[in-house]
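Trainee: As a plain string of letters, each chain reads:
There are 2 protein chains.
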Amino acid sequence: MGVEERRQQLIGVALELFSRRSPDEVSIDEIASAAGISRPLVYHYFPGKLSLYEAALKRASEDLASRFAEPHEGPLGARLLRVMCRFFDFVDEHGPGFSALMRGGPAVGSSTTNALVDSVRQAAYVQMLSHLGVTEAPPRLELVVRSWISLAESTALIWLDGRRIPRAELELQLVHDFAALAAVSAAYDTDMAELLRTMVKDEPADGPFAELAGRLMSLAS
Amino acid sequence: MGVEERRQQLIGVALELFSRRSPDEVSIDEIASAAGISRPLVYHYFPGKLSLYEAALKRASEDLASRFAEPHEGPLGARLLRVMCRFFDFVDEHGPGFSALMRGGPAVGSSTTNALVDSVRQAAYVQMLSHLGVTEAPPRLELVVRSWISLAESTALIWLDGRRIPRAELELQLVHDFAALAAVSAAYDTDMAELLRTMVKDEPADGPFAELAGRLMSLAS
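As they're listed, the protein sequences go chains A and B. Mapping to full-length UniProt numbering: the first sequence position 131 is 131, numbers consecutive. Mapping to full-length UniProt numbering: the second sequence position 193 is 193, numbers consecutive.
The shape of chain A in the complex, shown without the other chains (with noise of 0.2 Å):
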């Protein structure tokens, strides 16, 4: 194998060794066993375990980055569930070095890892802001938006430790959950109320908007 095919090849059996438990109870011995190769030919290619996590979590990053691509076609609701449903796929698969990562794990501290975790939240935040039609966000609106990502990175979290709830309902809840945080924003700002209207005005009577907002009208009732 040539150094890049070999570098290329570790990534991906860390990545998977670190997405099925703590990157903490990783080792490289296990990282070198797993790959078929002596423990130092590892640290040929990685200076310790730090570099190799940090590349495994650059290829996860692009990974998640990668899934929040959407066609900007149809109603709003249903491509943001369509998202949902792939970030808890990523999710998912990654769980146990999800929690640790997110939760304060071995590498959190190093800039490299907090430059990573930051740029996926970014990468979440513009493709938002383009299926808005949004290209200045006003202060209002990116607080929506960016407290709803940490509100989906929470959830995800919650749902990880025991799975109580199945994900499918929460990944509607989500859908559900930018909308009334978009409404409460509404009620007290004229730009978000307009903004809002332009959210919904193309909804199907059967999409994730227009059930929400019936189930909460019979609710109240």
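Hint data in this document are derived by calculation from the structure and do not stem from the laboratory. Built from N, CA and C at the ideal position, the CB exists for glycine as well. Just to be clear, a hint being listed does not mean it is correct.
[Said to hold, decoys possible] Ranges between beta-carbon positions, derived for each pair: (1) Asp161/A / His44/B: 41 to 49 Å; (2) Val3/A / Cys85/B: 56 to 64 Å; (3) Pro204/B / Leu129/A: 37 to 45 Å; (4) Asp92/B / Arg20/A: 39 to 47 Å; (5) Leu219/B / Leu129/A: 16 to 24 Å; (6) Pro139/A / Ser130/B: 28 to 36 Å; (7) Glu4/A / Leu129/B: 48 to 56 Å.
[Stated by the list, open to error] With the C-beta cut set under 8 Å, the calculated list includes, among others, these residues of chain B facing chain A: (8) Ser150; (9) Ala180; (10) Leu181.
Starting from the known structure of chain A, fit chain B onto it as the hints suggest.
Mentor: Positioned in the frame of chain A, the structure of chain B alone reads:
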């Protein structure tokens, strides 16, 4: 000064400095100088900057957790609003230190630091349940409360980054966000619907929950 008295003084001086600037940027020399003692004497009481940082964070955590205590009297919305106001007081007083900690500060990855942050989240969670009159939370209620706590953290962090929205608006918004997240959950779950009814049944017409409902109704029409 006695040993314990001197330790407490140093913690106070350090917390003050860590609150005003990112803890990364605060040196032991500066702490010594602010406390009016020599650098070696600081090391006599604390083996290094990390242990002093952890002691300061412990004091700040206890301070924040104590601000969640709220008498179980009067409407829930008003109680929650008072707690949010005290939470933003704390965030305001400790801005740069709070940001650095929550975004991955110098001691993140330290298990002591993570445990302190988790203890504050747990204190907030326990307080919320007690105000909701619940001892054992079912999974959907736990999710709503814990994810709302993380929403409060991220809202505070976004506020600190430029303070572009008045904090009083955000304090009220977080009370509304809690009601909104509970309502989304209640739309699909009968237990949550029952809890939501209990939550709002004693709310006055001029309380935050009723005001939000009124505004949302007029927005929808």
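Trainee: Indicate, hint by hint, whether the structure satisfies it.
Mentor: Checked hints:
1. Asp161/A / His44/B: 41 to 49 Å: Given about 42 Å between the Cβ atoms, the range holds.
2. Val3/A / Cys85/B: 56 to 64 Å: At 58 Å between Cβs, range holds.
3. Pro204/B / Leu129/A: 37 to 45 Å: holds, 38 Å
4. Asp92/B / Arg20/A: 39 to 47 Å: Cβ of Asp92/B to Cβ of Arg20/A: about 42 Å, so the range 39 to 47 Å holds.
5. Leu219/B / Leu129/A: 16 to 24 Å: holds, 22 Å
6. Pro139/A / Ser130/B: 28 to 36 Å: holds, 34 Å
7. Glu4/A / Leu129/B: 48 to 56 Å: holds, 53 Å
8. Ser150: Where the cut-off is 8 Å and the nearest Cβ of chain A is about 4 Å from Ser150/B, the hint holds.
9. Ala180: With a closest approach of 4 Å, the Ala180/B hint holds.
10. Leu181: It holds, given that the least Cβ distance between Leu181/B and chain A is near 6 Å, below 8 Å.
The structure shown violates none of the earlier numbered hints.
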